[in-house]
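Order-wise, the sequence lines are chains U and E. With the working numbering applied, the first sequence covers 2 to 316. With the working numbering applied, the second sequence covers 104 to 357.
These aren't lab readings, by the way, just hints derived from the structure by calculation. The structure presented is a predicted model; accordingly, all values stated were derived computationally and were not measured. You may find that some hints are simply not true.
Unchecked claim - Examples of chain E residues lying across from chain U (beta carbon under 7 angstroms, computed): (1) F177; (2) R192; (3) V199; (4) G202.
By construction, the Cβ of each residue, glycine as well, lies at the ideal position given by its N, Cα and C atoms.
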Amino acid sequence: MIDSAVAIPAVETRELTARYGERTALAALDFRVAPGERVALLGPNGAGKSTLLSILATLLAPSAGSARVLGIDVARHPFAARRVIGVVFQGPSLDRRLSVQENLRLLARLYGLRGAALARAVDDALAGVDLAERRRDRVSTLSGGLARRLEVARALLARPQLLLLDEPTSGLDPAARAEVWGAIEAQSKEGATVLYATHLGEEAERAHRVVILDQGRVVAEGTPASLKAGVGGDVLVVESDDAEWLAAQARERFAVPAAVVEGAVLVERERGHEFVPTLVEAFPGRARSVTLRQPTLEDVFVHVTGKRFRVRGST
Amino acid sequence: MSAGFTAIAVLWRRDLYHFVREPMRVVASVAQPLLFWILLGSGFGRGLQTAGGSYSLFFFPGMVLLVVLFACIFSTISVIEDRQQGFLRAVLAAPVPKGGVVAGKILGSATLAFLQGLIVLALAGVAGLRPGAAGLASALVALFLASYALAGLGVALAWRSETTSAFHSGMTFLLLPLWMLSGAVFPSAGLPAWLAWIERVNPMAYTLAWLRHALGTSATGDPSLVPAILVTCAFAALAHFLAAFFARSPALKS
């Protein structure tokens, strides 16, 4: 890992605050990304992920505090900042009536590229996401995964040092997700810093470091492994006709964290396999099914925010 | 500065490119003015005579303006489409000034409207007008400034409109009365006092007067040429700044 104390951070925010009227989207956020790092912002909708990325992309002005990308203050020098970042937005941002290469050429011109340099940038971007063969096709004819890869190619045009991606694979099937991630990870391996937002634990697993956001605050951060290690052992998912009652009973009798999430009882427990028979025998006929699994990063979110998972009961 | 011009050039070219790629739009843009002229001009022409001559001659400059007006409404809708497609976001995240993006969108729409107006203007000879070279040149400038002004208003409103239907009704509500009260449909002379007043503060009346001067169809009661030119220029500039001002706030989310 690069020594972030010496190198200029790829991203650095200080007391970064964003408000939409009454609602606070970012609450005095202090946050850093080292050059070359691949960092996931994990959190539910409304956690402040998109707001943070929009500010870094210079599309939204912060209400207070500051944000820098590669040492450039995004509010004071948005132009300079835009030259070093590439953005993949949550939704599509392509001209569907133009062809693949027309889209890239048009944007490359806006980045000041001309002539041979422009042609090379377009070729490289297409090669980077493996789309060269479709260059003459209209964007409206591309599948969801291909269109998304083109978005990544567009973000790569000006060879940005920092890639910002907001839910880069939203709405894609697993195969298309893998395609898009292949393109992103290839860039990351070549040294680009990657900061991406996701609400999916499995997608956050692809990062070197995960930053968990809730209500505009960082509630946990670390490598995926260290974060998951912080959860108390295994996770038992118990399906029951009376989930609320079962969760309350489990907390009372065994003093374990248990809460109802989407109709099922989730129980955190070390040596979970040993607890399965205990639990089933304690409440005969109450459990329709019991699943034992390793904690995911989504469990980490539930664990650290206390939301849903530890709504009531255990301390 | 040069980044601003790049944005203007790129977005302007894109608007024209989209236009020529849609055969239906090209056909409609040629057919619509022709239809207007044939139906309105000849229909009214039979029943009405004005002091200066036939009604179809009187109505001709107003018809050119009406074609430009509708063309601007349709072409500036692209601002909303660009936003809904998300394309606008990618452009705004690029290292180009927003002023260039706004000017590029106005210029693209204005050019399309200007070209459609030009098609009608080309019929001036058929209509029986003989403006001469100087008059024609003057008419072209007036036509372009009118296109720019109306496209500017369109971009300003589109930037703040959530849906194309809201935008469409807003533009029609705003612009059609201005056109009707510009002296395009009936001569200014002999209007009731309150209508005359509206005409006096209506910038479109001055643009129309300029067109009439250029084409040699001035009617009594029209503003004279110098104020007509000045007000039209001011109208275009004002529309530009209005669009730039409205675009200062982030575009509405799609």
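Structure-based check of all given hints:
1. Residue-level restraint check for E:F177 is violated (minimum Cβ-Cβ distance to chain U is 16 angstroms; threshold 7 angstroms).
2. Because the closest C-beta pair between E:R192 and chain U is about 5 angstroms apart, less than 7 angstroms, the hint holds.
3. Of the supplied interface hints, the one on E:V199 holds, with its beta-carbon coming within about 5 angstroms of a beta-carbon of chain U, less than 7 angstroms.
4. Among the interface hints, the one on E:G202 is violated; its C-beta lies about 12 angstroms from the nearest C-beta in chain U, farther than the 7 angstroms criterion.
In summary, the numbered hints that this structure violates are 1 and 4.
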